[in-house]
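Respectively, the protein sequence lines represent chains A and B. The opening position of the first sequence corresponds to residue 985 in the working numbering, with each subsequent residue numbered one higher. The opening position of the second sequence corresponds to residue 985 in the working numbering, with each subsequent residue numbered one higher.
Read the hints as simulated data drawn from the structure, not as lab findings. Quick reminder that beta carbons are idealized off the backbone N, C-alpha and C, glycines included. Just so you know, not all the hints are guaranteed correct.
[Said to hold, decoys possible] Computed spacing ranges between beta-carbons, pair by pair:
1. Asp1049/A - Glu1308/B: 34 to 44 Å
2. Ala1235/B - Lys1101/A: 35 to 45 Å
3. Asp1425/A - His1144/B: 49 to 59 Å
4. Gly1306/B - Lys1101/A: 55 to 65 Å
5. Glu1141/B - Gly1160/A: 49 to 59 Å
6. Lys1423/A - Leu1164/B: 22 to 32 Å
7. Ala1235/B - Asp1138/A: 16 to 26 Å
[Unchecked claim] Mimicking DSS-like on lysine-lysine, the simulated pairs with C-alpha atoms at most 30 Å apart in a straight line are:
8. Lys997/A - Lys1101/A
9. Lys1054/B - Lys1140/B
10. Lys993/B - Lys1470/A
11. Lys1474/B - Lys987/A
12. Lys1019/B - Lys1437/A
13. Lys1393/B - Lys997/A
14. Lys991/A - Lys1239/B
15. Lys1200/B - Lys987/A
16. Lys1106/B - Lys987/A
17. Lys993/B - Lys1474/A
18. Lys1423/B - Lys1212/A
[Unchecked claim] Every beta carbon over 10 Å from chain B, so not counted as near; a handful from chain A, in silico:
19. Asp988
20. Arg1051
21. Thr1096
22. Arg1111
23. Asp1125
24. Gln1139
25. Cys1173
26. Val1176
27. Tyr1192
28. Arg1223
29. Leu1234
30. Arg1255
31. Gln1262
32. Arg1421
Number of protein chains: 2
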Amino acid sequence: MLKDWVKSKEPNKEELNERLNTARAALSNMQTAIKEKKLPVLVVFDGWGAAGKGSILGRVIKNLDPRFFKVTTMIKPTEEDLRRPFLYRYFVNIPEAGKFSFFDSSWMDDVTRSYLKGETGKEEYQRQIASIKRFERQLSDNGYLVVKFFFHIDQKEQKHRLHELSADKHASWRVGQWDLWQNEHYDECLKVYDRYLENTNQFVVPWYIVDSDNRKAAELQVTEILVKNISIALQNTQRAVPILQNTFPLASMPKLSAVPLNKTISEEKYREKLDKLQGQLSSLHNEIYRRKRPVIIAYEGWDAAGKGGNIKRITAALDPRGYEVHPIASPEPHEKARHYLWRFWNRLPKDGHVAIFDRTWYGRVMVERLEGFCSENDWQRAYNEINEFERELYDWGAVIIKFWVQIDKDTQLARFTERQNTPEKQWKITDEDWRNRDKWDLYEVAVDEMIEKTSTDYAPWHILESNDKHYARVKALSIVIEEIEKRLKKS
Amino acid sequence: MLKDWVKSKEPNKEELNERLNTARAALSNMQTAIKEKKLPVLVVFDGWGAAGKGSILGRVIKNLDPRFFKVTTMIKPTEEDLRRPFLYRYFVNIPEAGKFSFFDSSWMDDVTRSYLKGETGKEEYQRQIASIKRFERQLSDNGYLVVKFFFHIDQKEQKHRLHELSADKHASWRVGQWDLWQNEHYDECLKVYDRYLENTNQFVVPWYIVDSDNRKAAELQVTEILVKNISIALQNTQRAVPILQNTFPLASMPKLSAVPLNKTISEEKYREKLDKLQGQLSSLHNEIYRRKRPVIIAYEGWDAAGKGGNIKRITAALDPRGYEVHPIASPEPHEKARHYLWRFWNRLPKDGHVAIFDRTWYGRVMVERLEGFCSENDWQRAYNEINEFERELYDWGAVIIKFWVQIDKDTQLARFTERQNTPEKQWKITDEDWRNRDKWDLYEVAVDEMIEKTSTDYAPWHILESNDKHYARVKALSIVIEEIEKRLKKS
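Pulled out of the complex, with its shape left as it was, chain A reads as follows:
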């Protein structure tokens, strides 16, 4: 796209000023509609060093109310960022509904820079491109407007600007080693950038090349393209998008009704195994930490199935400095205003740490589906979106363990009744639990579909038969140990 790039004719000064005023006013006026229609707008500024990204960004945001945008400068990943998947720092900064988020440099910079420096090979580069395409498509599918700009100048112009900046004692800090390297290796960079732009030029999230020789003309290009794209996106808030075919290998899983629930373990055997397994997990936890493996354990299951007690038996074996338990309730307003996976990206563990989720992102295809909190298109898409999310975690190096804690309807009734009749347990049982119980059959259909469609080979579901809670706890511990050991052996 860059190699055969041709500038469009620059308007004369008068026309430029006139169009710029029109575009600025239009952008400013759009804020109300963006807020009302709850459109999230992500604007990405990439391009050559010294192409003027920062200064154009400064001009563009002058048209916007500061309460409605956030600028994130992505220079170098922090230590914290580096311990998470490479898209983490971008995902946590996506805009909320009705607001703008501007990224000064994006994932493009990470990927192309590592490649140019020889830190990543072709294979890793391809993997990252695939991740990026999924990420951008998921945002678009979930109603985000993503506008990507690449600020383009030629080698001579860049050299000239870097020289001028260096000579200016107030501006010389702006010239980094990387900018100089880029200028020296301009053709090499051009080739890599060009291919990156080609690879990620998806029609739903296309690239716009900004001819950046002239600052004002560049601002005009950016503002006009923003206005055009926002006005299109505002028409499309109820868009339904294609459901992609699953491309991840799936394990064959039984339906819940086919899972025998008569498994038990004796008290004595339970104590003995618990002890042994917790000891094993405890020492594995050290190894995880040492080898910087992130571990993610996800719990879903029927109310009163025994998730809480099960989690306790896991955490009991872990060093408290190395794990976190995340109880997931309905999303807070600031969470609801973003991609439904956002609150989970925010809760990802650092590498070497364990995160346990008590209820998870699978809410999308269970409660959100059944209660109509999202559209049918939303939850139908979610199986693939979740598989992609977990694939991202897997590729990052995570061990992903998903438990469905299974009991039968009678056992649930018995436990509900017991809770209701036991004063110190009454807090555990609410009207909502009873309402959910009424929808048992509908939930079972949803859970069966979920388990069928999201048991990928890298993150399969494990069903814990929990009519006997002891049996379920021992089984959970064994699986956690086994899965961690499997993954540690691989690397």
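We have chain A; now place chain B onto it with these hints.
Same frame as chain A, but now just chain B:
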């Protein structure tokens, strides 16, 4: 996509039958909505020889009313097809609004087969991929639902089927040389198909791989995917899509108001030049024919600007067996029911022939824009769509010459008045001409934008100053000759 392809679990017989009945009924019931919402549905069946494309197609269409679908079997291009751009035979067969079109084998087959046979190199392959991506995106952008299936079987299964078919005297005709070659070179084909699927797996027009081991299960996959995609598309009939940035080199063009119209030619000089130029064009026409160059001449301009007389002076120099003039009026109902470029694809000349269009595809950004016959999103997208269309023609080898026949407003008035006062010319002037004249200023804005955005270096506009019609005719002839000679020299 094929290499790491994993089958999904096949449902048991009972479930299969039940789901198949549900899906068949759903597809059948959707026909009314498809018709009412005027959704055009293009379904593409690609895949391995003997994978059962034909028989599944036969099963699927059983659910549809024969008045609402058309099946096109794309085995080999005919002689006629081969004299046109490679996408021609597909474009002319796209469905009309509210109907289905099924392609048994698509452009995928052309492109991959030529590549496998070594008839096309990497560069040509890349060019074809780019064309295909544009083609599919344009269909989607213009409201078409495009569903692409790839029928997959492994080498062993294919071998087995080919063997069985060959042994059956009633079916042996179905086994072609190509099928056998494919089976012998299965791994090589797999690699090429896999890359093709990756390259063209656009999220708006994704691929669906059909596991074709079992005929009934394959039918189920196809029918369910169709039902799902149609139901999504039915929600999206008013969709606005992103306006892509121009990526074609544009010439710098003047605004109409800056074109001086005082150019004239003496009667004597005119006769002399006309004679000479027509002689030159006449012999060039032979060379075009011999060298199989298609030539496309497009005329746009103000009413009474002198298009008709100008065209006559061109055709006078041409052998009547080698050219066709297409007067373009408002589209017929069957044309209106398709992509707006469809009626022009249908009128493409054979190679070695000349097609002259009296009014053109640029109606989209002039009359359709100004009269509201299409949405703003439609005509804003059209500049790029038209540049892509003309690029396709150029890559095919065509000489593309576009004339804007320019006069001033006073000259138009004089000619209108003369027409009205001359009995034998009265048919040439209508109420509509006067109404259009009232909109002169609005048209001028649209024409300026059109000329600015579609003067690509491979198909630039030429402005014919036609206050003096003789001058315009001589200029047109010179340009036609020059452009043809330029192109002939290149190859």
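Comparing the hints with the structure gives:
{"no.": "1", "hint": "Asp1049/A - Glu1308/B: 34 to 44 Å", "verdict": "violated (59 Å)"}
{"no.": "2", "hint": "Ala1235/B - Lys1101/A: 35 to 45 Å", "verdict": "holds (40 Å)"}
{"no.": "3", "hint": "Asp1425/A - His1144/B: 49 to 59 Å", "verdict": "violated (44 Å)"}
{"no.": "4", "hint": "Gly1306/B - Lys1101/A: 55 to 65 Å", "verdict": "holds (59 Å)"}
{"no.": "5", "hint": "Glu1141/B - Gly1160/A: 49 to 59 Å", "verdict": "holds (58 Å)"}
{"no.": "6", "hint": "Lys1423/A - Leu1164/B: 22 to 32 Å", "verdict": "violated (57 Å)"}
{"no.": "7", "hint": "Ala1235/B - Asp1138/A: 16 to 26 Å", "verdict": "holds (21 Å)"}
{"no.": "8", "hint": "Lys997/A - Lys1101/A", "verdict": "violated (41 Å)"}
{"no.": "9", "hint": "Lys1054/B - Lys1140/B", "verdict": "violated (33 Å)"}
{"no.": "10", "hint": "Lys993/B - Lys1470/A", "verdict": "holds (25 Å)"}
{"no.": "11", "hint": "Lys1474/B - Lys987/A", "verdict": "holds (22 Å)"}
{"no.": "12", "hint": "Lys1019/B - Lys1437/A", "verdict": "violated (33 Å)"}
{"no.": "13", "hint": "Lys1393/B - Lys997/A", "verdict": "holds (29 Å)"}
{"no.": "14", "hint": "Lys991/A - Lys1239/B", "verdict": "holds (18 Å)"}
{"no.": "15", "hint": "Lys1200/B - Lys987/A", "verdict": "violated (49 Å)"}
{"no.": "16", "hint": "Lys1106/B - Lys987/A", "verdict": "holds (18 Å)"}
{"no.": "17", "hint": "Lys993/B - Lys1474/A", "verdict": "holds (27 Å)"}
{"no.": "18", "hint": "Lys1423/B - Lys1212/A", "verdict": "holds (26 Å)"}
{"no.": "19", "hint": "Asp988", "verdict": "violated (7 Å)"}
{"no.": "20", "hint": "Arg1051", "verdict": "holds (27 Å)"}
{"no.": "21", "hint": "Thr1096", "verdict": "holds (20 Å)"}
{"no.": "22", "hint": "Arg1111", "verdict": "holds (13 Å)"}
{"no.": "23", "hint": "Asp1125", "verdict": "violated (8 Å)"}
{"no.": "24", "hint": "Gln1139", "verdict": "holds (20 Å)"}
{"no.": "25", "hint": "Cys1173", "verdict": "holds (20 Å)"}
{"no.": "26", "hint": "Val1176", "verdict": "holds (18 Å)"}
{"no.": "27", "hint": "Tyr1192", "verdict": "violated (5 Å)"}
{"no.": "28", "hint": "Arg1223", "verdict": "violated (6 Å)"}
{"no.": "29", "hint": "Leu1234", "verdict": "violated (6 Å)"}
{"no.": "30", "hint": "Arg1255", "verdict": "holds (39 Å)"}
{"no.": "31", "hint": "Gln1262", "verdict": "holds (36 Å)"}
{"no.": "32", "hint": "Arg1421", "verdict": "holds (27 Å)"}
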